[in-house]
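Chains Y and F are the protein sequences, given in the same order. Counted from 1, the first sequence has number 467 at position 465 by our numbering; the numbering is strictly sequential. Counted from 1, the second sequence has number 264 at position 262 by our numbering; the numbering is strictly sequential.
If you are wondering where the hints come from, they were derived from the structure by calculation, not from laboratory data. Fair warning: there could be bad hints in the mix.
The following label-pair restraints were derived from C-beta to C-beta distances [as the list claims (entries may be wrong)]:
#1 Y/A41 <-> F/N4: 15 to 25 Å
#2 Y/A423 <-> F/R205: 25 to 35 Å
#3 Y/E479 <-> F/N4: 53 to 63 Å
#4 Y/R229 <-> F/Q409: 49 to 59 Å
Even glycine gets a Cβ: it sits at the ideal position worked out from N, Cα and C.
Number of protein chains: 2
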Amino acid sequence: MNVVTTVDPRDGRRRDTELTETGDGRLASIVALAAQSAAWLDALGRSGRADLLHAIADAIESSRADLAAVAESETGLSRSRLDVELTRTALQFRMFADVLRDGGYLEAAIDHAAQTAIGPAPDVRRMLVPIGPVAVFGASNFPFAFSVPGGDTASALAAGCPVVVKAHPSHPLTSQAAAAAIATAVRAAGGPEEVVAIVHGQRAGLALVRHRLVRAAALTGSIGAARAIQAAIDERDDPIPFYAELSSTNPIVILPAAAAATDQIADGLFSSFTGSGGQLCTKPGLAFIPSGPAGDRLAEALRQRVVAADGVVLLNERIRDAFNDGRAALERAGARLLARPEPGSTTGFSVVPTLLEVDVSGLTAELAEECFGPLMIIVRYDGASDLVPAVAAVPPSLTGSIHATDQDDRATVRRLADTLAGRAGRIVFNGYPTGVRVSWAQHHGGPWPSTNSLHTSVGATSIRRFLRPLAWQDAPEWVLPAELRDDFQEIPRRVDGRPR
Amino acid sequence: MNVVTTVDPRDGRRRDTELTETGDGRLASIVALAAQSAAWLDALGRSGRADLLHAIADAIESSRADLAAVAESETGLSRSRLDVELTRTALQFRMFADVLRDGGYLEAAIDHAAQTAIGPAPDVRRMLVPIGPVAVFGASNFPFAFSVPGGDTASALAAGCPVVVKAHPSHPLTSQAAAAAIATAVRAAGGPEEVVAIVHGQRAGLALVRHRLVRAAALTGSIGAARAIQAAIDERDDPIPFYAELSSTNPIVILPAAAAATDQIADGLFSSFTGSGGQLCTKPGLAFIPSGPAGDRLAEALRQRVVAADGVVLLNERIRDAFNDGRAALERAGARLLARPEPGSTTGFSVVPTLLEVDVSGLTAELAEECFGPLMIIVRYDGASDLVPAVAAVPPSLTGSIHATDQDDRATVRRLADTLAGRAGRIVFNGYPTGVRVSWAQHHGGPWPSTNSLHTSVGATSIRRFLRPLAWQDAPEWVLPAELRDDFQEIPRRVDGRPR
Chain Y
3 MNVVTTVDPR DGRRRDTELT ETGDGRLASI VALAAQSAAW LDALGRSGRA DLLHAIADAI
63 ESSRADLAAV AESETGLSRS RLDVELTRTA LQFRMFADVL RDGGYLEAAI DHAAQTAIGP
123 APDVRRMLVP IGPVAVFGAS NFPFAFSVPG GDTASALAAG CPVVVKAHPS HPLTSQAAAA
183 AIATAVRAAG GPEEVVAIVH GQRAGLALVR HRLVRAAALT GSIGAARAIQ AAIDERDDPI
243 PFYAELSSTN PIVILPAAAA ATDQIADGLF SSFTGSGGQL CTKPGLAFIP SGPAGDRLAE
303 ALRQRVVAAD GVVLLNERIR DAFNDGRAAL ERAGARLLAR PEPGSTTGFS VVPTLLEVDV
363 SGLTAELAEE CFGPLMIIVR YDGASDLVPA VAAVPPSLTG SIHATDQDDR ATVRRLADTL
423 AGRAGRIVFN GYPTGVRVSW AQHHGGPWPS TNSLHTSVGA TSIRRFLRPL AWQDAPEWVL
483 PAELRDDFQE IPRRVDGRPR
Chain F
3 MNVVTTVDPR DGRRRDTELT ETGDGRLASI VALAAQSAAW LDALGRSGRA DLLHAIADAI
63 ESSRADLAAV AESETGLSRS RLDVELTRTA LQFRMFADVL RDGGYLEAAI DHAAQTAIGP
123 APDVRRMLVP IGPVAVFGAS NFPFAFSVPG GDTASALAAG CPVVVKAHPS HPLTSQAAAA
183 AIATAVRAAG GPEEVVAIVH GQRAGLALVR HRLVRAAALT GSIGAARAIQ AAIDERDDPI
243 PFYAELSSTN PIVILPAAAA ATDQIADGLF SSFTGSGGQL CTKPGLAFIP SGPAGDRLAE
303 ALRQRVVAAD GVVLLNERIR DAFNDGRAAL ERAGARLLAR PEPGSTTGFS VVPTLLEVDV
363 SGLTAELAEE CFGPLMIIVR YDGASDLVPA VAAVPPSLTG SIHATDQDDR ATVRRLADTL
423 AGRAGRIVFN GYPTGVRVSW AQHHGGPWPS TNSLHTSVGA TSIRRFLRPL AWQDAPEWVL
483 PAELRDDFQE IPRRVDGRPR
C-alpha cells in the first residue's frame, strides 16, 4: 500500500501520514456501505436531512480552529482566508437545509386524469428522486468549500445521495479532519458514518467512478483530471453524469469613463487577481483597459501595486511549476512584462504576482489561456470596434465582467453584455468575479472549457445534478410520496399545469 | 451525391426520390443559416414563440390528409394510428406554447444584495437561456411525434433554439412534407425557413453533431445509433449534451388477485404489445403472470387473442429482420412458444405477433433483452419471493407496471413499487405503459439503457434540455431581460429564496 504524504507548501517539506492509498478491496467496501446508507438518508426525509445539514454546519464550525490550522499547513492559504472559507462552507450546508425545507427543488407536479384531444389521459405525478451514491473529487484550491465538506457534498447529501470523496492529494489531513467533523454530526443523528466517506489516491479515484454502484461524479479541477475521469467513466457499461468545473480566463472590461476611477479599480483588480494567490477559478486573467491617459494611469496604478506586492505561496509544487511555465510561455508569446517584484523569499512553493500587458491586436489564443496563480494580462484597446471582437475571441469562461459608468457608451455595454452572455455563465457589472455569492439565484458554470455540462456547482439549483425525475401513473395514494398526494400543501408544486 | 430512396414497407418496393444525401458544403450552409435564425427566435420573445408554435400546430393539422398519406406509404402504420399521432404532434406544439406563456420554465430567480455571514453580497439574478442550434435525430416509429415535427423540435423551438433534423431514412418524404408544413407557418410569421432544417444521410447526421455551431443533440433510436453519435460528439473539442432515448423492456406485473380480471387484462396486454406493430419504446416486453388457475386462464386468453391476430407490417427491412432474429434467439434461449399465428401474407415487411412463455426461474438476461416488434414473453411466477427478485433483475426501463387489486398483498405492491422506482422512469398502476400522456408532469426517460441521461423527452420539463443557466450580477436594469426586472410580475419567479 502506498503511504499518503502531506507537504507543507510554505517550506516544501514532505512527510508521510498514517494514511494509505485506498486499495480495490477497501474501495469496494466503502462504496457498498455508502450505497447502503442511502436508505438512512431517505428515511430522514427532507426535514431530517435539513437537521443533519445544520448539525454538520455546526460541527464544522466547532472544529474551526483545528480545521483551519491543518489546512493552513497543507495549503499555505492564509488563516483569514481559510476562516472565511470555513464560514462559507457552513453557510452552504445551511442553505441546502433551506432548500430542503422549501421543497421546491423536488419539482413536484400533478396532472389529474383528464380528457384530451387524443382521448382520456391518466393521472400522472412527477417529482425528482435521489440518483444514488455520488463520487466527489476535492479541489486543491478550496480545502473546505469545494472539497470533503464542499458544495458538491452538501448538495448531494441534501438530495439524499451518499457521497464518496476522492481527497485531493494536496490536503489529505484536512480532508480527514473535515470528514471526522461530518462523522460526528452523522453519528449524533444516529446515522452510518459511511454516508460521507473518503478515498485516497488517483487509482482509487478512477476505480470509484468505474464502480457500478456510483451514479454520478463531480469535479472541480483541471481539464486533464476531467479527461482522465471521463475516460474511466467511458469504460462503464452504463454512462453516468459527470459534472466538471474546469478552466476559466474570466475577462474583465474597463470602459473608458469607468477607467477614470483609477485607484478604486486598481485596488479591486489587484485584490481580485492576487487574492488567495490568484488560485481561484474566477480570477480575472485578462483585463481590457483603454488606451489613452485614463488607461495609462490605471495601468500604472496597477503596476505600482504589483511591484510593491509580497510573494505568495502556491498550493503545491505542480501548481507552482505550472505557474512559472505559464508565465514564461505568455512572455514568449508576446506579452510585455509590466511588473514582477523581486521575490523576497524562495522557500517552499512561493512565487511573485505578475502583471503583463499586450495590445489588443496582439491578443492571441495562446495569451488567452488560463494561467492559474497571481497573474493578469492587461489588454489595451482603442475603442468598441477592436474591443468587442477581442472579447468575443476569448475562450468561454465562468464569468465576464464589465465596468461602465453612465458616461460610457450604452450601445457598447449592450454589445459586450450580449457577447459575454454567449460565452460566460455569469456577467458581472462594476465588480469583480471572485467572491462567488452562495445563494438561490447563483450560477457557477459556463460553456466549455469552463465546465463540461450545463449545470451549476454553486447555488440552490446545484442540487439538481444529483436528482432524477420519476413519474407515477394512476398510483394509489398510499404508494405516492407524501409530496405528491393531493392534500399535501407544504411545498411549491405545479398542479394541472399551474403553480400552487 | 447519393440519391435518397423511399421504401413502402407494405410491399418492400424501393424507389428513388428527388432528394440527395446532404453533402458537407450544404450541411455547413444549413447549420450556419440555422444559427443565424436564433436571433429571430429570440426577438419573437416568449409570446411570439408561443404564437409560432400554435401556427405550426395549425399548419400540421391543415396538412393532415397529405401528411398521413405519405407517412402511411413510408411506414406501413395504419391511417387511424397516424391520425392520432398527428393530433398528438399538434398537441405537443400547443403544450409548449402554454409552457412559454407560463414562463416558469425560465426558472427566473432574483437574490437582492444583502449582508451575509461572509460579508456584503451582490445582487444576483439567474434564468435559463437558449443553448443554441440543436441536432434532432428523427425516430423510425413516430414519423411525426418523434421526428421532424416532434417533441424534441417543439421543445427546442420553444426554448429559442433553431433545429436541424437528421431525417430518418425510413420516411424521408414524410420528413420533407412535415418540414414544408412547418416552413409555411414560419414564413407566415415572417421568419427564416432555416429555423427548422433537414439533412439526409447517415454521414450528414454525424457531421451535424461534429459541427461547431451545433450545441446539443437529441435522439430517439437504438443503442447502436446512440454510440455512433456519441463517438462523433467525442471528436469535438467541446463536449455538447446528447439526450438519447433508447431501449426498454417495460416489465408489467399482474398480481394474483388482479389476474382474475381475465378478459380485461388479456385485452389490455394484447393491445399494448401489438399496437403499432409493437414498435413502441414503451411496449411491455415481459408480463409477469402468476402460476395457478387464474394465471393459466389469463395466459390462455392471451394465447387465443394472439392466435387469432392478423400479421402486421413493420417499419423497415432492418426492423423486420431484427424482429425475426430476436424471436428466434429468444426461443433458442429457452422461451416456449405459446402462440404464433400462420402468416396470412408475407409481402413487404410483415410479421406475425408472437407470445412466448418462461418460468420465472428461467428468466435470463438474454430473455430480458428488448425485442422491438409485436412480441411479449409471459413470465410465470409463484409468489412475491420469486417475483420481486426477478423484477429487480430486469434491465432498467422507461416504465414498469403493476396490476393489483385491494385483495393483493400491499407489502408486495410496496416492494415492487420500490424496486421499479430504482429501475424505471415511470411506474404505471393498473394500466399499460403505451400511450404516453403529453402533459406537464409527464416523464419519459429512465436509467440506462432506457436513456443515456437524467432528462425527459416528453412533458413540459423536456424544454430544459435545450436551455442553460445564466446569471447577472449587479446588472443595470436596462441590461436585464424583462423577466428579471424587479417590477416584472407575469411569470412564477423565486425572489430572495421565496416563490412569488
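C-beta pair Y/A423, F/R205: status relative to the range 25 to 35 Å that was hinted: 34 Å, holds
Given the hint of 53 to 63 Å, check if Y/E479 and F/N4 actually sit that far apart at their C-beta atoms. 57 Å, holds
Taking the CB of Y/A41 and the CB of F/N4, does the distance hold inside 15 to 25 Å? 56 Å, violated
Confirm or reject the claim that Y/R229 and F/Q409 have a C-beta distance inside 49 to 59 Å. 57 Å, holds
The earlier numbered hint that this structure contradicts is number 1, and it is the only one.
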